[in-house]
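*Asks:* Here are the chains, one letter per residue:
Number of protein chains: 4
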Amino acid sequence: MTPQNPVTEYTASLPFDRRLYRQDIACSIAHARMLARQGIITEKEAEAIIMGLVAIREEIEQGTFPFRPELEDIHMAIEARLTERLGAVAGKLHTGRSRNDLVATDMRLYIKEAVAQTVAGLHHLQATLLEVAQAHADVVIPGYTHLQRAQPVLLAHHLLAYFEMLHRDCARFRHAGAEADVLPLGSGALAGVPYPIDREFLAQELGFSRVSDNSLDAVSDRDFLLSFLAAAATCMMHLSRLAEELVLWSSAEFGFITLGEGYTSGSSIMPHKRNPDVAELARGKTGRVYGHLLGLLTVMKGLPLAYNRDMQEDKEGTFDTVDSLQATLGVFPGMLRSLQVNRERTSQAAADSLLLATDVADYLVGKGLPFRQAHQVVAQVVRYAVERGKGLGELSLEEYRRFSPLFAPDVSTLTLDSALAARRVKGGTAPRRVREALAEAQKRLEVCPGS
Amino acid sequence: MTPQNPVTEYTASLPFDRRLYRQDIACSIAHARMLARQGIITEKEAEAIIMGLVAIREEIEQGTFPFRPELEDIHMAIEARLTERLGAVAGKLHTGRSRNDLVATDMRLYIKEAVAQTVAGLHHLQATLLEVAQAHADVVIPGYTHLQRAQPVLLAHHLLAYFEMLHRDCARFRHAGAEADVLPLGSGALAGVPYPIDREFLAQELGFSRVSDNSLDAVSDRDFLLSFLAAAATCMMHLSRLAEELVLWSSAEFGFITLGEGYTSGSSIMPHKRNPDVAELARGKTGRVYGHLLGLLTVMKGLPLAYNRDMQEDKEGTFDTVDSLQATLGVFPGMLRSLQVNRERTSQAAADSLLLATDVADYLVGKGLPFRQAHQVVAQVVRYAVERGKGLGELSLEEYRRFSPLFAPDVSTLTLDSALAARRVKGGTAPRRVREALAEAQKRLEVCPGS
Amino acid sequence: MTPQNPVTEYTASLPFDRRLYRQDIACSIAHARMLARQGIITEKEAEAIIMGLVAIREEIEQGTFPFRPELEDIHMAIEARLTERLGAVAGKLHTGRSRNDLVATDMRLYIKEAVAQTVAGLHHLQATLLEVAQAHADVVIPGYTHLQRAQPVLLAHHLLAYFEMLHRDCARFRHAGAEADVLPLGSGALAGVPYPIDREFLAQELGFSRVSDNSLDAVSDRDFLLSFLAAAATCMMHLSRLAEELVLWSSAEFGFITLGEGYTSGSSIMPHKRNPDVAELARGKTGRVYGHLLGLLTVMKGLPLAYNRDMQEDKEGTFDTVDSLQATLGVFPGMLRSLQVNRERTSQAAADSLLLATDVADYLVGKGLPFRQAHQVVAQVVRYAVERGKGLGELSLEEYRRFSPLFAPDVSTLTLDSALAARRVKGGTAPRRVREALAEAQKRLEVCPGS
Amino acid sequence: MTPQNPVTEYTASLPFDRRLYRQDIACSIAHARMLARQGIITEKEAEAIIMGLVAIREEIEQGTFPFRPELEDIHMAIEARLTERLGAVAGKLHTGRSRNDLVATDMRLYIKEAVAQTVAGLHHLQATLLEVAQAHADVVIPGYTHLQRAQPVLLAHHLLAYFEMLHRDCARFRHAGAEADVLPLGSGALAGVPYPIDREFLAQELGFSRVSDNSLDAVSDRDFLLSFLAAAATCMMHLSRLAEELVLWSSAEFGFITLGEGYTSGSSIMPHKRNPDVAELARGKTGRVYGHLLGLLTVMKGLPLAYNRDMQEDKEGTFDTVDSLQATLGVFPGMLRSLQVNRERTSQAAADSLLLATDVADYLVGKGLPFRQAHQVVAQVVRYAVERGKGLGELSLEEYRRFSPLFAPDVSTLTLDSALAARRVKGGTAPRRVREALAEAQKRLEVCPGS
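Chains as they are written, first to last, in my numbering: chain F, 931 to 1381; chain U, 931 to 1381; chain H, 931 to 1381; chain L, 931 to 1381.
Hint data in this document are derived by calculation from the structure and do not stem from the laboratory.
By construction, the Cβ of each residue, glycine as well, lies at the ideal position given by its N, Cα and C atoms.
Check each hint, because a few of them may be wrong.
Unchecked claim - Calculated lysine to any residue pairs in the SDA-like style (CA-CA distance at most 20 Å, straight line): (1) K1297(L) x G1196(H); (2) K1245(F) x Y940(F); (3) K1297(L) x F1249(H).
As the list claims (entries may be wrong) - Sample of chain H residues lacking proximity to chain U, with all beta carbon distances greater than 12 Å (derived): (4) S1170; (5) K1215; (6) P1339.
Start from the sequences and build out the full structure, keeping to the hints where you can.
*Replies:* Okay, here's the thing in C-alpha cells:
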C-alpha cells in the first residue's frame, strides 16, 4: 500500500475508497444484469461477470484481495481483478457507464446505509433518554439560564429536551437520505450514454426510488453529502451540549451525578481523579465534524460543471464523519445508563429558595399587580433576603409586606412542589405534564422504530 | 444610537434586533388577545395594549420611534414605549411569557418569511433558467470534465443542471421552514409558565402549525436557523458554480457569451475592460454565507441548557445571510436574461472533433469489441490524429483501420449531431430528451409556484 | 443611501468602504505630492488637489459629505467630489495608480492601525490581569483538569496563564502588522505603472517600511488580512476560555466570584437573576470571528491572478472582526476589576483533601517507591477514604499503613501549603514562584508598552 | 488493533498518536537522564530505562512492537512495554511529569520538525518557480483581472507573484515553529511538579530554545498548532490559486500550457482526455486543510483550564494537514517542471491589441490630458475599434484623431514591447525589472536555504 511514485500516491483514492467495495460491486452486478437484459452483452457474459464480481467480493471480505495502489481507485482495482479472472470479457462491464456516474452511485448507496444506521443510533439513544428519565422521574434539579439557577425543573423534563433535539436530527438525516435516494447511474461521464440502457431497472435493483433527471447534474452533485454533513454537525452540536452538562454535573461543585467507571478514566499522576473523558471527547469530536462540513463546502465552491477531480475529496471527511457520529451515538446510551444521580446534591440545589422568585412575582400578579411591577417588588425582596442570608421561605409575612401590602399569609404556600406543579402548560415541567410527555415520546419512538 | 457605556453597547441587541419589530409586535398582539381570552387580563386592558402596539408599529414604520440604545433590545424598547403611552397597565403584557420564548418566536416568524421569499426567489431564477434555455434551444457547447472538453452538450441541458440544483435547494429551505413552524411561546424562561395560557390559540393567531413539546428545548433550540444557514450555504455554492461558469464563458478565451452592460463594469484605468463583477461578487459572497453557518455552529457548541446570552449572536449572521442570498437571487435572473450567446464561438468549440472520441469507442463496442479495448484503440487513434494536427473526422477509413479492422465506412456517420442524438437515455443531452426535460421542468414549476 | 438599481446596490461597496476614507485620502495626498515631485503633474495642480482632499476629509468628518450610492466605492466618491470642486484637474490624481493598488494600500493602512489598537487593548487587559492577580495574591483555588479538581493552585497563577496567552496573541498580531507594512501603491492595475513614480517616497509618506516586490502579487494579496483574522480567532478563543471560567466561577455551584453589577444583568421574569451576560457574549462572539476567518479563506480559494471582484468581500468581515475584538478587549478589564472573590467558597473548595492525592504519591516516591506503584497505592487510599467519607488528612497513620508500610508520621506534613510550596519549579504554582512570575510579567509589559 | 470495548475504542488515541513514538521516546530519554542528574533516580536506573527505550524504539521501527489498543495512548504503550522489559523500575520514569506536559512536548517536537520540512518544501517549490520562470524568460501572456485580459505581463513576472506568496508562507510557518519552540515538560499535570527537576537541561537536550513560564498555560496551550494550521490554510490557498491557473491554462480555450503526462490522467471512457488531476486535487485539498483549522478552533473554544480530554482531538487533523501539505508541496515542483508552454497560443493571446488600451490612455496623459479624460477618450476608441473588428494597432491616425486631436503619429510606437518596457517601476513587469527580480529572488533563496 505504499506506492513509490508520489504522483500516483497523491491521486490514488484506493486507500480510502476501498471502503466502497460492497456498493461498487452491487452497482456492477446490477449493471451487468441490465446490460444482458437489454441485449448489450450476452446473458453468458453477464453471468461470468457477476460470478467474477461475487468472487472478488469474497476475496475482499476474506482479506485476500490484492489492493495494488497503482490501481488508483476501487473501480479500477475491481475491474483489473475481473480481467485477471475473466480476460477481455471483463472489459464489457464498463459499457454504458463511467466512473463519474459509478462513484456517485456508490456514495449514494453508502449514505443511504449511513442514514439508516444513524437513525437507528439516534432512536437507541432516544430510548435510553426515556429510560433514564423514567428511572429518575422524581428527581428535581435547578433549571439554568446563563448557568445561573433559574427555576426548578424535573430531571426527566431536562432529558426530554434532548429527546426533542434528536427527534429533529432524525428528520434531518432522513431528508439527506431522501436526497441520496436518486440513481445517477446512466448519466455516463456527463452527457448520458449512447446505449439503450434501462435506468429504471437499475434503480429497482439497487433500491433507489427514482432516477436522476439531468446527467450533468447527476455527476457533479454532492448535495446529499453536504446535507448529511450538515445534519451531522447539528447532531454533534446537540450531543456536545449534553456532554457539557454531564461534565458540569459530574464536577465536585455540581455533584449531581456520578458517571460509571467505564465512562471515566483516571489520571496518569493524580490517583483520585475520575475524569469524564467520554463526554469530553464527544464534545471535542464536534470540531472535526464541523471541519468536514466546511471542508466539503470549500471543495465544491466555484467548481464549473461537470466532474472535477477536486470532488474526490468528498470521501475521507464523509467517512470520518460517519465514523465519529456512529461512535459517539454508540457510547452515549451506555454512559447515560451508567449515570448515578446523587439525590442529596440535587435536592439540596433544588431547595435553593431563589428558584421560587418568579413564582413570588407571579403570586403578586395573581393579586392584581402588573407583572413588571411585581417583578420589581420581588427583586427588592430578593436583595433583602440575600443580604440577610435568608431564603425566601424564611422571610416572615411582615418582612414580605415591607415590600408590598399585597403579600398575604398564602405566600407561604409557594414551594418547590407548587412551583413545579404550576407549570402545567403544554411543554411545561409540571410532573403530570412530564409524565404525559414521556408517554407521548415513547409512542413516537414506537411508531417510527429505527429507520 | 451611540451609547456612552461600553458595556451597554456591548450587550445591546437593539441596533440589529429592531429588524424584528414586526414579528415582535405580532407576538405581543396575539399574546394580549390570548391573555384576555383566558381571563388573565381584562378585555379592556388587552384592547389598550393592542392599540398601543399598533400605534408603536406605525411609529417605527414612519421613523418616529425613539430607539434609545440603553433599552437593550427590541422587546424592552417596545415595552418601554408602551409604558410611556399606557402607564402601568403595559406591565401586564409580559405576564406568562419571557424574553426567552418571545425572541425564539420572533426568529421563527422571521425565518418562515425568509423561507417564503427565498423559495419565491429560487422559483423566479428557475423560471429564468428555463426561459434562457428555451431561447437558446439549439446552442451546443462542449461539455467539460476537469475543465477539459469532454462531450458535446446542449446549452439548455447544461442550464437544466442548475434547475435541478435549485429544485433541491427549495426542498431544503422548506425543511428549514417546517422546522421553524413550531411555536415556542408559552415556554416561559425555561420551564413553562404558571398561567392558564392557551398555546394553541397563540399558534393559530401567529400562523404556526403546532406548539413546541418541551419548554427547555423550545428556548434553547436554534436548529431552524442552522438548517436555514446550511441550506443557504449549499444554495450559494450552487450559485457560485454558475457564477464561475459565467466568468469563464465571458473570458476572451472561451468567448461563449457576452453579459449585458448592466451586469459588467469597467476598470478605473483600463478603458477596454468589461468585467463580470456581478458574477464575481456572487461567487465571493459564498464565503460570508459559509462563515455565518460556521459562526452559529460555533456559538451553539457545548452550551448547557437552557438560554445563554451567547445565543444573541444568532441574529446578525442570519440577517446577513438572508440579505446576501436574496440579493444574489435578485440579480441572477436579470444577468442571465442579459446574456448573449456568441454562436460563432460556441459552434467552433463544439465542432472540436475530439468531443466525438467516446462515440468512436462506443462505435467499436457496437462492432463487438469490449469497451475497455475499444477505449484503448481510440486512445491510439486520437494520439495519431493530434500528432498530425487532424480532426477525427479528417482521418481516412484507411487511417482508422490501422488501429482496428473493425472500422468500416459507417464510421463517417459519427458527427456532432449523432453524438448528441445518441444520448437519449433519461437525463441525457439528446435534443428530444432535453425538450422533454424542459417541458417537465416547466410543469414542476407550475405545480409549485413560489412557496 | 438606498439606491434604486439592485445591481448597483449589489456591487456598491460605498456603504461599508466609506470607513476607509481617512486611509484613502491619506494615500491620495501622498500620491499627489509624489506626482508633483516627479514632475508628472505641476506643483500647483498638486496643491489644489491636496487642499481639495483636505476639505473633503473635513466634509466627511462633519457629516456633510454627499455619499451617493451610485458612486460605487469610496475612491470614486472622493474623486467625484474632487471633480465637483476642482474641475478636470481632479482627473489627474488617478495618474499612475489604479483602484486595485489603492484599495490594497487603504486596507494595509487600516490593518496597521487595527494592530496598534489591538496590541494596546491586549496590553491593557494584561495589565489588568496582573493587577487582579496581585490584589488576590493569597487566594487558592482548586486547579482543574477535565473540570475535576486536580491540584491546588494560586488564583494569581491561574490568571497568569491568560497573561501568557495574550502575550502570544500580541506577537501574532504584530506579525500580521508586519505583513501589512508593505506598500502596494505603484503596482497599478496588475502590471506596474508606466510613469516614473517614486514608490519609496510614497512608502515614506505613508509610513510603510518597504514597497512590494511584485505588482501582480501586490494587488491580489490579502494574506495580511487572513493573518489578522487568524490572530483574532485565536485571541477570541483565549477570551472565550476566560469567559467560560468567569461563567463557571460565578455559578451558584462554584460560587468563587461575584461579577460587578455593571457586568451582569437581570432577567425579564426572574427577579433574582444576576446573569454574566458580558462574559457569555464574549464567548459567543468567538463564533462570528471564526466565521469571518473562514469566510475570507473561502473567498480567496482558487482565485486566479490578479484582482477579482470577489475580493471586495474582504472588508465587512474584517471590519466586524476588528470591532468585535476591540469591543471585547474593551469590556474585559472592567469586568475583571469588578470581580469580587468569595474567599469562603474558594477556601472551602481548595481545602478538598483529594487535591493532595498526588502529593501523597510523591511522598511515597520520596520513600523509594517507583512513581507508578506509588500512584496505585494512593488510588487505594483514596478509594478507602472516599468510601468512609473522610478526607485524606483525616486518615490515621495506621489507616495509611494498611496500604503501604512506607507511610510514616511525616505524612501528616502534607498540607495545602506544602503542596503549593513544593511546586517551585519554573512555571509552577509555588507562591514564591508566582511572585517572581508576576514581577517578570510586569517587566515584560513595561518593556513593550502598547504597540 | 480492533479493541472489543467501544468505550476503549472511543477514547484510545494509540491508533494515531503512535506516530509520535520518536518524540515520546526522545522526551523520556531526556527525562530519565535529567532525573538521574538531579539525583531523583540513580544513574543505573536511568541507564536501564534509556536502554529499554532505545530498544523499544527499534521494535517500533522494525514493526515488532505489540501495539495493544487497550493501552490507550503511545505514552502508556511505551511505559507498559518498558515495564515488561525492566520490571518495577520502569515505574520511576513517570516521576516528575505527567501525560499532560508530555504530550504537549511531543506535539511541539512534532511541529518543529513539520515546520522544518514544510519550509524546505516551500524553498524547493520557490526554486522551481524561478527555474521555470528563467526557462521561459521571454514568454508574454495577457495579465488578467476579473479573468478578463487586462495588460500584458511576462510569464516570469506572473510566476514570481507565487514566489512572493510562498515567501510569506515561510515566515508564517517559522512563526508557528517559534511558538512551538518552548518546552512544557516540567509543568506536570497542571501546577508544576514537586521535584527538583532541571527544566533548562531538558530544553537543551530536546533542542528547545526556552522553557514555558506558566504550568497551567503550558498544558492547555495549543496555539502553536493553530498557528501552524492557519499558515497551512493560507499556503494551500496560494497553491489552490496556482492550481486554478494551471487548470485554466491547460484548457483547450486557453491552451497556454501542456502539463506532463505524469501529471495528467485519462478518462475511464473518453479516450482523448488529458485531465489536470494533480492540480485539481491540490485545489480540492484546500478544503480539508481549512476544515482542520476550523475543527481545532472549535475544539478549543470555551474550554476551561487546564487540560481537557477534548484536546486529544488536536492530533488527527494536524497530522492530516501536515501530510496533505507535504504531499502537495511534493508534487508541484515536478508538475511545474513538466509544463510545456505553447508559445503560439501565448503569443497570439498577448497580441490582443486591447491589452494596450491603458497605454493609449497614458499616451494621452503624456500629451497633457488629465488621466480621467484620457480614460474616457480611449473607451470610445476601443468601442469604435471593437465594433469594426479592428485591433487598436490597425486604426489609422485619422481614426484616432476623431476622438482626440492629441493623437499624433507617435501613437504607432505603442506596442506590446513598449507596454512591457514602460512598466519599469519596482515590482513592474518590464523585462529588465523582472530580470532583476529573478536575481534578487535567487539571492533571497540562497541566503535562507531550507529551514
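*Asks:* Hints first: check each against the structure and report whether it holds.
*Replies:* Against the structure, the hints come out as follows:
1. At roughly 71 Å between alpha-carbon atoms, K1297(L) and G1196(H) are farther apart than 20 Å, so this suggested pair is violated.
2. Restraint check for K1245(F) and Y940(F): the C-alpha separation of about 15 Å stays at or below 20 Å, so the hint holds.
3. Restraint check for K1297(L) and F1249(H): not satisfied, since their Cα atoms lie roughly 42 Å apart, outside the 20 Å limit.
4. Not every beta carbon of chain U lies more than 12 Å from that of S1170(H), the smallest distance being close to 9 Å; the non-interface claim is violated.
5. Non-interface call for K1215(H) relative to chain U: violated, since the shortest CB-CB distance, roughly 6 Å, does not exceed 12 Å.
6. Separation of P1339(H) from chain U is adequate, the least Cβ-Cβ distance of about 46 Å exceeding the 12 Å criterion.
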